[in-house]
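*Asks:* Take these sequences, add in the hints, and give me the full structure.
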Amino acid sequence: MDSNQVRILLEKYWQGETSVVEESRLKAYFRSDDVAEELEQYRALFQFFDAEALIKFHPESKTPIVKSTTIRILSSAWVRGAAAAVVLALGIYFYMIPGQENIDMRDVTYIDTYESPELAYEEAKKALFYLSGKMNKGVSTAANSLDKMRTLDEIVNAN
Amino acid sequence: MSLQTFNSQVLPLRDKLYRFSLRIVGNTQDAEDVVQEVMVRVWKKKEDWKQWSNIEAMCMTITRNLSIDKKRNKHNRVADMPDHYDEPSGDATPDEVTASNDMMSQIRAMMDELPEKQRSIIQLRDIEGYAYKEIAEILEIPLNQVKINLHRARLFLKEKIVKAKSYGF
Chain G
242 MDSNQVRILL EKYWQGETSV VEESRLKAYF RSDDVAEELE QYRALFQFFD AEALIKFHPE
302 SKTPIVKSTT IRILSSAWVR GAAAAVVLAL GIYFYMIPGQ ENIDMRDVTY IDTYESPELA
362 YEEAKKALFY LSGKMNKGVS TAANSLDKMR TLDEIVNAN
Chain D
43 MSLQTFNSQV LPLRDKLYRF SLRIVGNTQD AEDVVQEVMV RVWKKKEDWK QWSNIEAMCM
103 TITRNLSIDK KRNKHNRVAD MPDHYDEPSG DATPDEVTAS NDMMSQIRAM MDELPEKQRS
163 IIQLRDIEGY AYKEIAEILE IPLNQVKINL HRARLFLKEK IVKAKSYGF
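Chains G and D, in that order, give the protein sequences. So that you can map any letter, position 147 of the first sequence is 388 in this note's numbering, and since no number is skipped, the others follow by simple counting. So that you can map any letter, position 89 of the second sequence is 131 in this note's numbering, and since no number is skipped, the others follow by simple counting.
Keep in mind that the hints are not guaranteed to be accurate.
[Claimed, not checked] Covered stretches of chain G (in silico footprint by chain D; criterion: 3 or more residues with CB under 8 Å from a CB of chain D, positions within the stretch not fixed): (1) 280-290; (2) 365-377; (3) 384-394.
Since the hints were derived computationally from the structure, they do not count as laboratory data. Idealized CB from N, CA, C, for every residue including glycine.
*Replies:* Take a look at the structure:
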């Protein structure tokens, strides 16, 4: 194809009036070694199209869905807030409760943190409820991801 | 039967779907997630396949919609760490960077400047070679809108290239 033909075709191309076949001819021209000097500037565009068409889907990670879910959970502001609250609560527990500073570690098994067993029981129950609530949330998120993985497995194994 | 259809008509689209998603979301991990999600969704809708006039166009449409959602959600989130920030980059060392690569990366940057619709049309036409009618079906817009947007996108790229050239590109 001589450069005059290419120029005409290229003009049609910019106007969005070329057919798929004409566009293939343009791509072939810009792949060749004898591109006219004044058209050289457009070579990179058609090379770019060629190169992009070769990109393949091959996920490097084996479990991208689970991985991305984990990232999403850890990055949510809510969880960061909850983590900060737990750290604060622990800090208060260890440093603010009176009478804790001089614990003799040899006597530790004989010291109660609460005055009455009922109160201790209530507090322990509250803490365990809180923990189990978090666990249930985690389990349901994991189950969701597993469901997606199972469907993918089904597809992949069927091959 | 549905598995055969899936294997012969949907699975081979993976690369196209991935490239399309990548053009919209702009990073490999999100594009991979989108493709897997599309596969799962299409598989779960296997009872509806008979009603789909063009299964490939439908897969591309789902890919576009999920990619746009993904991109939007990402924008709404507080600053993320860049993807693969803790891995060595596969980039070439400075002495390996050729002039050609530089031009290619400039073209990529120009593409990124296009509005999503125009970028998607360039992707579907100039990279994937779809007919105007198919592009209209995938993007769910009238045929003349495809042509107008394609024309605008190509002119934009042309002007950018000419401008870059005059600045010593």
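*Asks:* Are the hints correct? Go through all of them and say.
*Replies:* Hints and how they fare:
no.	hint	result
1	280-290	holds (count 7)
2	365-377	violated (count 0)
3	384-394	holds (count 3)
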